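Enquirer: Use the sequences and the hints to build the structure in full.
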Amino acid sequence: MNWVEIGTINDIPRRGARCVNTPDGKIAVFRTMEDQIFAIDDHCPHKGGPLSQGIVHGAAVTCPLHNWVISLETGKALGADEGSVKTIAVKRDGDRILALLELAAVAAE
Amino acid sequence: MEAATKKQKLVVIGNGMAPGRALEHLFEMAPDAYDVTIFNAEPRVNYDRIMLSPVLSGEKAFEEIIIHGDGWYIKHGITLYKGHKIVGIDLTAKTVTSDAGTTETYDKLLIATGSVPFVLPVPGNNLPGVLTYRDLDDVNAMLLAAQSRARAVVIGGGLLGLEAAAGLKSRGMDVTVLHIMPTLMERQLDPAAGYLLEQAVEQRGIRVMTKASTKEIIGQTKVEGVLLADGTILSADLVVMAAGIRPNAMLAKEVGLETNRGIVVDGGMRTSDSDVFSIGECAEVGGQCYGLVAPLYEMARVVSAQLAGDADAKFVHSETPTKLKVTGINLFSVGDLGEGDDRQEIVLRDAAAGVYKRLVLKDDRIIGTVLYGETSDGAWFHDLTKKRTDISEMRDTLIFGQSYQGGSPLDPMAAVAALPDDAEICGCNGICKGKITGAISGKGLTSLDDVRAHTKASASCGSCTGLVEQLLSITLGDSYNPSAVTPMCGCTDLGHDDVRRLIKAKKLKSIPAVMQELEWKTSCGCAKCRPALNYYLIADWPDEYADDYQSRFINERVHANIQKDGTYSVVPRMWGGVTNSRELRAIADVVDKFEIPAVKVTGGQRIDMLGIKKEDLPAVWADLGKAGFISGQAYAKGLRTVKTCVGTDWCRFGTQDSTGLGIRIEKFMWGSWTPAKVKMAVSGCPRNCAEATCKDVGIICVDSGYEIHFAGAAGLDIKGTEVLGMVRTEDEALEHVVALTQMYREQGRYLERIYKWAKRVGLDEIRRQIMQDDAKRRGYFERFVFSQKFAQVDPWSERVSGVDKHEFQPMASVSYQQAAE
Numbered sequence: 038m039n040w041v042e043i044g045t046i047n048d049i050p051r052r053g054a055r056c057v058n059t060p061d062g063k064i065a066v067f068r069t070m071e072d073q074i075f076a077i078d079d080h081c082p083h084k085g086g087p088l089s090q091g092i093v094h095g096a097a098v099t100c101p102l103h104n105w106v107i108s109l110e111t112g113k114a115l116g117a118d119e120g121s122v123k124t125i126a127v128k129r130d131g132d133r134i135l136a137l138l139e140l141a142a143v144a145a146e
Numbered sequence: 028m029e030a031a032t033k034k035q036k037l038v039v040i041g042n043g044m045a046p047g048r049a050l051e052h053l054f055e056m057a058p059d060a061y062d063v064t065i066f067n068a069e070p071r072v073n074y075d076r077i078m079l080s081p082v083l084s085g086e087k088a089f090e091e092i093i094i095h096g097d098g099w100y101i102k103h104g105i106t107l108y109k110g111h112k113i114v115g116i117d118l119t120a121k122t123v124t125s126d127a128g129t130t131e132t133y134d135k136l137l138i139a140t141g142s143v144p145f146v147l148p149v150p151g152n153n154l155p156g157v158l159t160y161r162d163l164d165d166v167n168a169m170l171l172a173a174q175s176r177a178r179a180v181v182i183g184g185g186l187l188g189l190e191a192a193a194g195l196k197s198r199g200m201d202v203t204v205l206h207i208m209p210t211l212m213e214r215q216l217d218p219a220a221g222y223l224l225e226q227a228v229e230q231r232g233i234r235v236m237t238k239a240s241t242k243e244i245i246g247q248t249k250v251e252g253v254l255l256a257d258g259t260i261l262s263a264d265l266v267v268m269a270a271g272i273r274p275n276a277m278l279a280k281e282v283g284l285e286t287n288r289g290i291v292v293d294g295g296m297r298t299s300d301s302d303v304f305s306i307g308e309c310a311e312v313g314g315q316c317y318g319l320v321a322p323l324y325e326m327a328r329v330v331s332a333q334l335a336g337d338a339d340a341k342f343v344h345s346e347t348p349t350k351l352k353v354t355g356i357n358l359f360s361v362g363d364l365g366e367g368d369d370r371q372e373i374v375l376r377d378a379a380a381g382v383y384k385r386l387v388l389k390d391d392r393i394i395g396t397v398l399y400g401e402t403s404d405g406a407w408f409h410d411l412t413k414k415r416t417d418i419s420e421m422r423d424t425l426i427f428g429q430s431y432q433g434g435s436p437l438d439p440m441a442a443v444a445a446l447p448d449d450a451e452i453c454g455c456n457g458i459c460k461g462k463i464t465g466a467i468s469g470k471g472l473t474s475l476d477d478v479r480a481h482t483k484a485s486a487s488c489g490s491c492t493g494l495v496e497q498l499l500s501i502t503l504g505d506s507y508n509p510s511a512v513t514p515m516c517g518c519t520d521l522g523h524d525d526v527r528r529l530i531k532a533k534k535l536k537s538i539p540a541v542m543q544e545l546e547w548k549t550s551c552g553c554a555k556c557r558p559a560l561n562y563y564l565i566a567d568w569p570d571e572y573a574d575d576y577q578s579r580f581i582n583e584r585v586h587a588n589i590q591k592d593g594t595y596s597v598v599p600r601m602w603g604g605v606t607n608s609r610e611l612r613a614i615a616d617v618v619d620k621f622e623i624p625a626v627k628v629t630g631g632q633r634i635d636m637l638g639i640k641k642e643d644l645p646a647v648w649a650d651l652g653k654a655g656f657i658s659g660q661a662y663a664k665g666l667r668t669v670k671t672c673v674g675t676d677w678c679r680f681g682t683q684d685s686t687g688l689g690i691r692i693e694k695f696m697w698g699s700w701t702p703a704k705v706k707m708a709v710s711g712c713p714r715n716c717a718e719a720t721c722k723d724v725g726i727i728c729v730d731s732g733y734e735i736h737f738a739g740a741a742g743l744d745i746k747g748t749e750v751l752g753m754v755r756t757e758d759e760a761l762e763h764v765v766a767l768t769q770m771y772r773e774q775g776r777y778l779e780r781i782y783k784w785a786k787r788v789g790l791d792e793i794r795r796q797i798m799q800d801d802a803k804r805r806g807y808f809e810r811f812v813f814s815q816k817f818a819q820v821d822p823w824s825e826r827v828s829g830v831d832k833h834e835f836q837p838m839a840s841v842s843y844q845q846a847a848e
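Heads up: the sequence lines are chains A and B, in that order.
Numbering follows our numbering, in which position 97 of the first sequence is assigned residue number 134; successive positions increment by one, without gaps.
Numbering follows our numbering, in which position 399 of the second sequence is assigned residue number 426; successive positions increment by one, without gaps.
Keeping only pairs whose Cα atoms sit at most 30 Å apart, straight-line, the calculated DSSO-like set for lysine-lysine is:
id	chain 1	residue 1	chain 2	residue 2
1	A	K84	B	K33
2	B	K591	A	K84
3	A	K63	B	K102
4	B	K832	A	K123
5	B	K470	A	K84
6	B	K109	A	K84
7	A	K84	B	K640
8	B	K548	A	K123
9	A	K84	B	K34
10	B	K102	A	K123
11	B	K555	A	K123
12	B	K34	A	K113
13	A	K84	B	K483
14	B	K704	A	K84
15	B	K548	A	K113
16	A	K123	B	K640
17	B	K627	B	K832
18	B	K33	A	K123
19	B	K341	B	K36
20	B	K832	B	K555
21	B	K555	A	K63
22	B	K483	A	K113
23	B	K832	A	K63
24	B	K109	B	K33
Residues of chain A clear of chain B, computed beta-carbon distances all greater than 12 Å:
id	residue
25	E110
26	T111
27	G112
28	K113
29	K123
30	T124
31	A126
32	K128
33	R129
34	D130
35	G131
Worth flagging that the hints you see were computed from the coordinates, not collected in a lab.
Just so it is clear, the structure is predicted and the values come from calculations on it, not from any experiment.
Backbone N, C-alpha and C define an ideal beta-carbon position, used for all residues, glycine too.
Expert: Right, dumping it as structure tokens:
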């Protein structure tokens, strides 16, 4: 595992997300209103909806397919639903965003 | 590999409320004991059959009565065969086989085939137009028949028949109820209450004929009427048989299980084959079959305990109160109402108030209760019966109810507060008071929905909702306010209308300003309130507010429709449904170039391309744009299509240029956002080939001008339009339609379709403002035109030129680590 640069904070709109393609599937990288960065698998535990396409509110995202609300901090479904999605460690170095992956970055946009 | 015990296979035949409840219990008690397979003859998930009457009357939508959505089956790993009817069971080989040829083996089998409606054995009972009242298909068939607003005859004056009659009446049909006995609901009510009920039903404009024996259903190719034994002929276009149900024990009987009226089971719900269980309306336990939900849920509890290994679980018979779910008629009945020398009764009548109460006593104990008109003491009387309380001390005041006992105050709340903790509140689910108050304080519940989610109290037939709300008030004190408006979402206590009003009054022009000034409880809102606020702001301040794309659902953010696999579909505008060879060729080229897997003609007269990868969207739009296409906004809360017929251009019946008017409306009105989607149509003559009378807004052309319709629906709800009014010229037609849409834009709640908005504000008020008040209409029209200055921009060409580029590209791609590194 090592820290891999996946982009900069300005690549992601506030209350929005971008995707990172990996051989193990897509990762969704989120930026909250307060500029916190989170990364989780882009795959809702309910029916596999692309979480990166959901509405971001607080430190949570609502899945665009069936409105499950997923915590960005824990990856767990909030409210009455049960399920969870893998979280990926991220950190910031200035504007750069790094993710803890077993991979190497090939190309940023 | 999983070690130790192998899971057993449980196969369930039937997917109604009883097996649904049984599985809920089973997954709680023994989550890993069984692999479950369900065969459902109905092509859908488990829903609350008791609530079909509110669906028929239009008070609820089908979605609101679903108990287990598809997600529940997936979550529990259940294989659900929808629309598979089991036609064979092999008890020796332990297999079941469906009509589609699917065979499954089982270790344990649960038969829950329910009941079948009793169809009178009279000539003509199989004519088209003769329906039963049992499942959603029956309700849909009735709704379809009700659209013609013709005459219906309901055979059967029991619970189901009266609910069906009330539902059909509220859908605009002329309804007659035939009942063979002298008074309605004679099994649950005494004649006096039956008479009051008959009067109340007739006051709703439903004709009631008692002692009416059906001899024949008459008609040539479809129902035309009903012939009674006394020679009376009633004409009818729809006949609903609601004369009772019979346990559906056919299959069990065929395969050799012991059956009587129903499938015979012991107290543990086990049939004559020790690996086969049966519950629900098809099961006969202790010589009795059951039709009300409470004992069926009791069966569910017992069978789940048995399946989980508790051999001691036994079914216990209990009396269940009857309640009629017809809005405005309050009726409660339970126990033994017969007369006899060893019995006494206490009766209270108040004709002016329409109240009738009767208690049947034996040995100083209540054995039967009928309440009509005022039923709030039902739970208390029922409780006294169940506990066999000696009532001799309070006999003089007993009939006045609990609040008159022991000098306690007349506050109805006090009566509920005084109920013991084990008093039953929700009869359907067998939930007592202590369990509800315990959940409210123990789990911090604050709303009716919370209580329903956690305890199921009032979640089935809903008739105990008032009691549950009173318990909420008692437990929570002043912090519970049931009469308050429903808040927009958990982020605020304000309702949609208050928020809209305050946005205007306080001149709030951004989402953060709204959240600050209106004291939002969350910092950033949620996926419910943010899209709503974004719409309200853009509708109220079209020139000043900057659309917040992060507060839009993905479809509106990327201007395409997300599909279940995360790909998108794209629908270009095809004005009025008219196209040509050049446009079709351009679409064909795009489909080939981007290898688009599916192309479909939509219901709105245009073409849908499905399965496009998100990254390809801008390039697809670029090619479509070169051919002159713009976004069809098939994803938007805004104008979707304007369907047309060919009108005077081609049709020998056409009275006006309906195609031209449709195109003109679409070109004038596309762009501005609306509270929910808006679909329109223009038909060139009253034959109505463009189906304008089920649209949000429709126009029917006639020789003398244009008849404007609105508030139709043909989705979850089916509803014909209302007539707004008649205008003479095309220009007037356009102005009126635009003004109507703007009025809706200014008043509608987010996601509220036109027909719901119209119902809320009143058809007459809308007609007055649009048809009669010229100044108002001009004002609406001009405000719409102003909004269009900012909204009528093709979102596809914007994105082709680079807007929101980040939406369509991944931020990075990473691969496995290179060896060299």
